[in-house]
Amino acid sequence: MTHSRSRFLITAAAPLAALTLGAAEAAALELRMTPHANKIVNLAQTPSTVVVSNPMHADVTVLNKKLVIQARNVGATNILVLDGKGNRLATFDVNVVPRTANRMRVYYAGHRVTYKCDPDCAQVLTVGDFPNAFSALQGQMAAAGNGGGDASSGPPAQ
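According to our numbering, the sequence shown holds residues 1 to 158 in order.
No lab work stands behind these hints, which were simulated from the structure alone.
Please read all numbers here as calculations on a predicted model, not as lab measurements.
Any given hint could turn out to be false.
Calculated pairs, DMTMM-like style, for lysine to aspartate or glutamate (alpha carbon to alpha carbon, straight line, at most 25 angstroms) [claimed, not checked]:
| id | residue 1 | residue 2 |
| --- | --- | --- |
| 1 | Lys65 | Glu30 |
| 2 | Lys66 | Asp93 |
| 3 | Lys65 | Asp83 |
Input sequences plus hints: build the corresponding full structure.
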């Protein structure tokens, strides 16, 4: 009989627990960021654990009582910050949105390439662009990062 009663109490308490968890999640701070942007958040105490639900969209670095949230790719993720006892210090809903200011998309026979024009236009890496154009620019940028010159100016003069 006691077993049935405890099962009833657990079943009856489940909706209340869901409402409580829902209320805690509603208190999450929303952050809207663009890819590769950083945001510093000050906390009341140093966190012990930080959980990023989808690291493809954001990453976190802990610096004492500060979090540096780094947006990665367009999409959404949730960040949960806990103290040493497992208590929630903060919750963040991070929405990474595409940069659209001064952007121009050009379609070549159905293949998209994205440019940033401010005031001159230069191709920028954008997920969803034509793979050949994306890979070529990515290779130029990698070469420039390794001492190969300025990727925005094209191939080095010979």
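Practice item. Please write out, lowest number first, the hints stated earlier that are contradicted by the structure. Key: none
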